[in-house]
Structures are given as C-alpha cells and as structure tokens.
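Let chain A serve as the given structure and place chain B on it in line with the hints.
Protein chains: 2
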Amino acid sequence: MSETATVREVGLRDGLQMISTFFPTDAKLAWIRAELEAGVKDIEVCSFVPPKNIPQFADAVAVAEASVAMPGLRPSALVPNLKGAQRAVATGMPELHFVLSVSEEHNLRNVQRTVQQSVDEFRAVVELARAQSFPVRVSGALATALGCTIAGPVDPGRVVELAHILVEAGADELSVADTVGYANPAQTRRLFEEVGRAVAGRIPVAAHFHDTRGLGLANVYAAVEAGVRLFDASLAGLGGCPYAPGASGNIVTEDLVFLLESMGLSTGIDLGRLVEVRRIVAQHLPDETLYGQIAKAGPPKGFARAA
Amino acid sequence: MSETATVREVGLRDGLQMISTFFPTDAKLAWIRAELEAGVKDIEVCSFVPPKNIPQFADAVAVAEASVAMPGLRPSALVPNLKGAQRAVATGMPELHFVLSVSEEHNLRNVQRTVQQSVDEFRAVVELARAQSFPVRVSGALATALGCTIAGPVDPGRVVELAHILVEAGADELSVADTVGYANPAQTRRLFEEVGRAVAGRIPVAAHFHDTRGLGLANVYAAVEAGVRLFDASLAGLGGCPYAPGASGNIVTEDLVFLLESMGLSTGIDLGRLVEVRRIVAQHLPDETLYGQIAKAGPPKGFARAA
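If you read the protein sequences in the order shown, they are chains A and B.
Everything in the first sequence is counted per the numbering used here, starting at 932 for the first residue and increasing by one.
Everything in the second sequence is counted per the numbering used here, starting at 932 for the first residue and increasing by one.
Okay, chain A solo, but in the shape it has when bound (with noise of 0.2 Å):
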C-alpha cells in the first residue's frame, strides 16, 4: 500500500500547557530539531495564550520565531483568539490554530465567549491570515466534539454544524477533537464520516484524540476507517488528564506512528529515532511519567517502516 498519513505533534502545545515546570526555551527547540529529524514535520510547536495564564507559554514568541526559520518544518501555533492570531503573525506563524468548543459550557469556561462569539472571532482570524503578506493557513479546532467533562454527552448534529460554519467561513483545515477522552470507537467512525461528508474533501479533516480511557488508538483506527490521514499526538503522551492523577491525557506519538506504520500507512517518520527524543523529555521534566508502549516493547520481530 502507497498510502500515507500525517501524524502532527502537538506535545510541546497540549503536552506542556498543563505543566508547570518551565521547559526552557532552547530544549523545545532541540525537541521540535530532533522531532523534525526523525521525520515529524508537522508540530505546533506553541499556544499564543496570554503569559499570565499559562508562564509555560511565556517564550511562545522565541519558539515560534525559531521554528519558522528550520528548513523543512512545518510549524503552526495555537490561537485562543484574535490577539493571540496577531501576535502568531507577527512571527511569521503559517498556520494558526483556533480553537472553540462544541460544548457551549466548556467553551465559556476555557476561551470565556459564547461558541457564536468563537465563531465571529474565528472569521476575523481568517480575515487577519489573509491580509498577511505571507500564507498564513487557518484550522478550526472544534474541542469537545465527542463529550464533554461539564455538560457531557455532545450532539453530533452540532459539531457537524459547527464544521460547516468553519468551512463556510473560510478554515483551510477542520480538527475535530475528543478533549476529555470521551470517545468510542463507533462513535467517533460515525461523527467523521458525518464531518467527512459535511467537509467533502474541500479541506483536510484532522482528529485529536486522548487516551484518558485507554480508547485513543482505537479511535485513531475508527477515524482512518473513516477516511481521516492527518492526527495530532504527544511525544510519550505527555501531560497526562489534569483531571484524573494517573490517567494519561493525549495519544502517544511514538505508538500512533507504529500504529499507522503497521497498518502500511506511510508517516515518513523513523520510529526508532522518534523513540530516542523522549530523552529530552525525560531530562527536562524528570517528575512528569512518560507514557508509550512501543518504547517499552519495540516494534515486533520482521516489522520494517511502511515506507
């Protein structure tokens, strides 16, 4: 099989935000070097939160400054809203990810507005990407599309809904996400077929899965049944569940590669140099627990890279 799929990094967005160990600034940039070199070329490498909210983030500038100018990465950074949008401009940020909840609750609680206020400042987002003198790609990352930790069950019928509104309003990519580690595997098969109709191939659709309830990769393969190549994952899973001591929080890169790998489907990403990278990780945050089976196990006998 020739096929092939994109696995996004995101551990240096998701996996730090909730962890309050200062990474220092030159070691993310040696993890998004050592990442790319292993093949990971698509890694959001920082949120443009406000600094007091979140001090990890306080470098974001730097990071994102530094990443745009490594040859062959693509980076791209997480905009709560319109200001952080113009500060990612500002550094010559490509593609700047919005996110709004589905969850009419969460959203109030994580970005304080209304989804219809999200949406608004959504549209102004993209009018601020377009008026760059540089592209400037814009995904709409619907969170809480399959539950919700305040308000619980999601409506399908609204995040669909939701998707065709970004669509409309002008996203280049759709990223449907299971925040809270919420979804099943029959679940998440049916909402992306319904957003892959919605969508219908105007742009790519991203999943954004946690392994809070051990699910994770099995949505990963419900969501590849279901047409989906582009997954957003954390190097060793990290970060955890804020909300459940123990629990993991998003899917492990290094075993979604060797899940896409196995399946013969082509990442481009070299799973043993991708394994060596958690060593960063484990220096600079010696407390935080490294998640992963593959690094424990290794690939199995006669497993060679799709590619």
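Please note: incorrect hints may appear among the correct ones.
Have a look at the derived ranges for each label pair, beta carbon to beta carbon [to be verified]:
# : chain 1 : residue 1 : chain 2 : residue 2 : range
1 : A       : P1176     : B       : E1207     : 16 to 22 Å
2 : B       : E1092     : A       : G1101     : 32 to 38 Å
3 : B       : D1201     : A       : R1040     : 56 to 62 Å
4 : A       : A1235     : B       : G1233     : 41 to 47 Å
5 : A       : Q1043     : B       : E1207     : 35 to 41 Å
6 : A       : P1173     : B       : E1124     : 37 to 43 Å
FYI, nobody ran anything at the bench for these hints, they're computed from the structure.
Backbone N, C-alpha and C define an ideal beta-carbon position, used for all residues, glycine too.
Then chain B, alone, in the frame of chain A:
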C-alpha cells in the same frame, strides 16, 4: 442497540502464569466470586499444566472443583495436552481450552510438539470430552495467530487452514490469539473476517489480544467490526509481558468492558463493581503493576451501561 458481547476473564490463568508469587487458593476463589458478582460469568480459572512447570497452578484441581460448584459461573481451564485434559475433566470442568501455536517454532518451544502432533492431541481431547457423562466443550486456541516473537510474521492462510482443521476435528469454539501483542487493527480485521468465513457460524470465534504495543483495544474494535463478540481479557492487565519489562500483557478487562459498553454492546457486567475487584489482586500481589485506564479516570459523565 440491543446487541450483546461476552467478556471472558483470563487473569487467573494468563495473568498469573508468569507471576512467581503464589496467589493463595482462597484468594483465587474470592477473585472468581467477586467477578461473578460483578457479572463476569465466563472465567478461565486455571491451567492444567504440570505443576512442576508452573507452581502457580499447583492448586488447579482445588480451584477447578470449587469453580465448577459455583452457581451461575461458566468456568473453563487451559489444557496444554491430553493429560491436562484428563485432569481437568476429572474435576467436572465443563470447558477446556486447548492451545496450539500457529507458529511451528513457538509450538515446539511452548508445548514441545509439532503443530501436527498438537492437532492429533486436540482430536484425542475432543474424544475424551465426548466420552464424559457430562457436557464438555472444547475450544481450540490458535496462539501466535498474528505474529510470533521467534518466527516473526505468521501466514494468515495457515491460520485459516488450522481453523478448518479444528472445526472439522470437533471444536466447540475457536479462539484466535495475538499471544505476543504483534497485531495491528487492519491485519486483525482481515484475519477475523477470513476466519469467520472459514467457520461460517458453526461455532463461536473468540479473540484474545495482548496490549504489549498499545494496540490491544484497537484490535478489539477491529475484531468487533469483523463480527467477533467474545473476548478474553485480564483484570488490571495482570501479568505484563515477560519479554518486555514495563510493557503490558493481556488487554485490561475493565477497559474492554468500557469499550464494549460504550459502543452499545451489552456485556451484563457492572463496571464499577468490576473495578472494585482490583483490590483483591492488589492485596495479594502488591509488587505487580496494575494496568488500566478506566480505573484511574472513571467513566465519562453521562455514561451508562448499555444493558
């Protein structure tokens, strides 16, 4: 959806077999009773291997006899050969799991027989079962069906061939096992679809997955998609992987139940009560790692048993 699925606990056999600390007989029975009370009716309670090989199963007769006497329980036992089957039926055991490896190298190492010799012995076990004064079911378990630590990749055509042979030989169930955690979901789905066609609904097909490389539950979902409704699992993923320190072994019963129930497949198992049973394991094996995400994170808000 009113569909059901069966979860079979194999922790007392596959979970315990590599653990040198003897789990006291009374505690084994307390574990079995507690799972039965949580709704787990199918439990592989012991292995009739020679006690000198695995001292953990020195009490197999006592565990088997007590299990056979428990109202509502459907106990089963692993038998590696005819002698084990003879010991098992002498206790009144109504279901025998006869294991042979698809990989010739693995079978030689595991039971010191060629695959052909194991097939011949399987026929003898079926004959023994039919000669009893009470009904005895015989399951043919195909180990290393999705890969082998010695031989590497395993030919799916050989799995299908052995499936045919075991069905013709009188198997009451076929179990297909990823003994060493090598499988990926695309491979799993293809293999179980092929085996399903070979068996053609004549007997149930069970799936037995290990989570050594993190894909255990993804493989469960793939097998569900291929029509499988009977799964082995081990409470707390007990046992780990003997060849990979820190890596998990069997898929976790609690997480499997969560996966199935969340997809609307009713298991008849009370997830909360099942999680409580981990205490018995923790009490008697304080040095073992207890795996499992749902025990740490709890079910999603609004989650209800499908039943």
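Consistency of the hints with the structure:
1. A:P1176 x B:E1207: 16 to 22 Å: holds, 19 Å
2. B:E1092 x A:G1101: 32 to 38 Å: violated, 56 Å
3. B:D1201 x A:R1040: 56 to 62 Å: violated, 32 Å
4. A:A1235 x B:G1233: 41 to 47 Å: Holds: the Cβ-Cβ distance is about 43 Å, inside 41 to 47 Å.
5. A:Q1043 x B:E1207: 35 to 41 Å: holds, 40 Å
6. A:P1173 x B:E1124: 37 to 43 Å: This hint holds: roughly 40 Å between Cβ atoms.
Going down the numbered hints, you'll see the structure goes against 2 and 3, while the others check out.
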